[in-house]
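Chemist: Spelled out from the first residue to the last, the chains are:
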Amino acid sequence: MKILIVEDEQELMKSMVSYLRSENFLCEEAPDYKTARQKIEMFSYDCILLDVTLPDENGFLLLKELKENQKTDGIIVISAKNSIQDRIMGLNLGADDYLTKPFHLSELNARILAVIRRRHFQGQQVLVFNELVIDLAAKTVSVNNKPVDLTRKEYDLLIYLAYNKNRVVSKNAIAEHLSGDEAEIFSNYDFIYSHMKNLKKKLQQAGSKEYIRSIYGMGYKFEF
Amino acid sequence: MRLNNKTIRNYLFFSSVIFILTIPVFYVVVRRVLLNAVDHSLKIQLQEIRSNLNEIHSQQELSAWSRLDKDIALSPTDRPAKDRLYSVNHFSPKHREQEPFREIAGNITVEGQLYQLIIRSSLIENEDLLGSILSVQIGMLIILTGGMLWINQRVSKRLWQPFYVALRNMQTFELNKHTDLSFKTSTTDEFNELNKAIQNLFSRSSELYLQQKEFTENASHEMQTPLAIFQSKLELLMQTTPISEEQANLINTLDETNRRIIKLNKSLLLLTKIENNQYQTIEKIEIVPLCQRLIQQFLVHAESKRLIIHQRFEESFTLPVNSTLIEILLGNLLSNAIRYNRENGEIVISTAKNSLTIENTGAFSPLHPERIFDRFHKQTGSAGSEDSTGLGLAIVKNICTLYGYKISYSFDNGWHFFRVYFPSRILTESKNTLAAQ
Numbered sequence: 102m103k104i105l106i107v108e109d110e111q112e113l114m115k116s117m118v119s120y121l122r123s124e125n126f127l128c129e130e131a132p133d134y135k136t137a138r139q140k141i142e143m144f145s146y147d148c149i150l151l152d153v154t155l156p157d158e159n160g161f162l163l164l165k166e167l168k169e170n171q172k173t174d175g176i177i178v179i180s181a182k183n184s185i186q187d188r189i190m191g192l193n194l195g196a197d198d199y200l201t202k203p204f205h206l207s208e209l210n211a212r213i214l215a216v217i218r219r220r221h222f223q224g225q226q227v228l229v230f231n232e233l234v235i236d237l238a239a240k241t242v243s244v245n246n247k248p249v250d251l252t253r254k255e256y257d258l259l260i261y262l263a264y265n266k267n268r269v270v271s272k273n274a275i276a277e278h279l280s281g282d283e284a285e286i287f288s289n290y291d292f293i294y295s296h297m298k299n300l301k302k303k304l305q306q307a308g309s310k311e312y313i314r315s316i317y318g319m320g321y322k323f324e325f
Numbered sequence: 111m112r113l114n115n116k117t118i119r120n121y122l123f124f125s126s127v128i129f130i131l132t133i134p135v136f137y138v139v140v141r142r143v144l145l146n147a148v149d150h151s152l153k154i155q156l157q158e159i160r161s162n163l164n165e166i167h168s169q170q171e172l173s174a175w176s177r178l179d180k181d182i183a184l185s186p187t188d189r190p191a192k193d194r195l196y197s198v199n200h201f202s203p204k205h206r207e208q209e210p211f212r213e214i215a216g217n218i219t220v221e222g223q224l225y226q227l228i229i230r231s232s233l234i235e236n237e238d239l240l241g242s243i244l245s246v247q248i249g250m251l252i253i254l255t256g257g258m259l260w261i262n263q264r265v266s267k268r269l270w271q272p273f274y275v276a277l278r279n280m281q282t283f284e285l286n287k288h289t290d291l292s293f294k295t296s297t298t299d300e301f302n303e304l305n306k307a308i309q310n311l312f313s314r315s316s317e318l319y320l321q322q323k324e325f326t327e328n329a330s331h332e333m334q335t336p337l338a339i340f341q342s343k344l345e346l347l348m349q350t351t352p353i354s355e356e357q358a359n360l361i362n363t364l365d366e367t368n369r370r371i372i373k374l375n376k377s378l379l380l381l382t383k384i385e386n387n388q389y390q391t392i393e394k395i396e397i398v399p400l401c402q403r404l405i406q407q408f409l410v411h412a413e414s415k416r417l418i419i420h421q422r423f424e425e426s427f428t429l430p431v432n433s434t435l436i437e438i439l440l441g442n443l444l445s446n447a448i449r450y451n452r453e454n455g456e457i458v459i460s461t462a463k464n465s466l467t468i469e470n471t472g473a474f475s476p477l478h479p480e481r482i483f484d485r486f487h488k489q490t491g492s493a494g495s496e497d498s499t500g501l502g503l504a505i506v507k508n509i510c511t512l513y514g515y516k517i518s519y520s521f522d523n524g525w526h527f528f529r530v531y532f533p534s535r536i537l538t539e540s541k542n543t544l545a546a547q
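As you go down the protein sequences, you meet chains L and U in turn. Position one of the first sequence corresponds to residue 102 (my numbering), numbered consecutively onward. Position one of the second sequence corresponds to residue 111 (my numbering), numbered consecutively onward.
Hints are computed from structural coordinates only; laboratory data are not their basis. Hints are all accurate, no fakes.
Below, computed lysine-lysine pairings styled on DSBU-like, alpha-carbon distance capped at 30 angstroms:
hint, chain 1, residue 1, chain 2, residue 2
1, L, 182, U, 323
2, L, 182, U, 373
3, L, 302, U, 415
4, L, 103, U, 343
5, U, 394, L, 182
6, U, 373, L, 322
7, U, 415, L, 254
8, U, 343, L, 266
9, L, 135, L, 165
10, L, 298, U, 343
11, U, 516, U, 373
12, U, 488, L, 182
13, L, 298, U, 415
14, U, 383, L, 182
15, L, 182, U, 507
16, L, 115, U, 373
17, L, 301, U, 415
18, U, 343, L, 182
19, L, 254, U, 373
20, L, 140, U, 343
21, L, 165, U, 383
22, L, 301, U, 343
23, L, 322, U, 415
24, U, 343, L, 322
25, L, 298, U, 373
26, U, 343, L, 115
27, U, 343, L, 135
28, U, 415, L, 303
29, L, 266, U, 373
30, U, 343, L, 254
Turn these sequences into a full structure, and let the hints guide you.
Modeler: Here it is as structure tokens:
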């Protein structure tokens, strides 16, 4: 999987590359519009992470050009502006997703995977972990071919952890992922614990191995 | 008192004084002039009589002359006296009243006999004349003063017109609203200078205000990137192995703190955006379904505290408002009601004709009714405050100000009430009035 990261902040770029590399992504870096353009012309990518504010040009211009040239790369727009106009503009110009700074790397990873799956594996979107099978299209989970009845939040939680498998996902990232803007209002994470408890219990009762592990109250890790 | 009335008051005062002073003075002067004229003519008459005395040759002739003329009295005397003038009243049988007369008394000698001759002149016509002159004078003074007042009023109004325009401009001037001020150029230099000074003041304060707002917005935006870097490094730090519990706890605290900074930053950005009026799309939002949706969203948090939420929607109405802002407004109030509640507490959300009330159980002492809406005002020591940004209610207040809503806080017996009043002219009543649930 090839990913192009268009981001002018060196340190943020490094972080993204470092996190995504372990997912077997091949990351290429472009610190500005010019470099990004050259790379896009020469290669095609599974996903392009596009920062809107670039030193030499507005990122939206690149997005426009990509769509005009009918490139099929998946695009996630990253912006420091959490404005609805920007979001709408990005999505209207053909971006697959929109992410606001500051974001969690685990969230970014999950979004990239979702974009790539939507674009490349139509119909066969299944995650398999031995006895545990997650059908992303049907949004169902089964253990040893027996379906497990999960609530919407429990399912979201499982997918999120599975997308970021073998990495610690912080409580904040989970809270934000599950509740969106609400997480900004509430700092009470009790609801995560209860969702997590129920999810683990249901999977265990269905005969699944314990894949999800709590890491010293810092976060959770799906180990496979 | 208006400026114009003040000037007119001075004019009125001055004219009244002049009135009061001039009328007696005028009366006295005119009277004196008239009297002098009468005296003069009496003296001339006496002189003429004296010079014509040689035409009288006998006592009979003299008495006949004096009898014919009613204005002459003649009596023999032996004491010579100087001529003298005096005023006297005589009863007039014609008018049945005392009439004023001016008389001159002098001696004449006819045929060796000394006589005292009195010539009189009635003053009644003079008095009448005096009256007429006075009334004409008073009338003219009144017309003059009235005219002056009227002209003054009209002229002042026109003259001060630029001043009132400037005043209105200043009254309607709002820093956070970009108003185009129109000053008329006046022919009066002072007003032009005043207008120039006001315009300078306005543009300078607007500029400063804009700069300050821009600074907040830019600062918040600029913070996003370092915060993003910090957060990403923390996440990478979490992935390092082996990790001890001590390290994990430290990372956790850093992550928590970072989240708070991010939250604070976002709230500040939101505040500036509201003030900059960047949420301009207005939709018609029905209030009750929105409340119900928010309650549903927050239910998890309410349940974790075992709170009971009562919904008493007696009225439903539609507001023309930006959907994001009204969600933030109600969301902040509702989340506060949950966050500052006690275990097993209660929340009541109700609507009335033009208001929405969120009441909740919580601390047993009232909050400061005004200061709670200030930025960074935190109720110390209350449960749930340790994580507060101190901006939630400031944001609520700002949204209310933006749309002209009124928000009030009250406390009664352990219950905290937050009530938002919507101006009734903007409300459209929903067709389906909801029964109490």
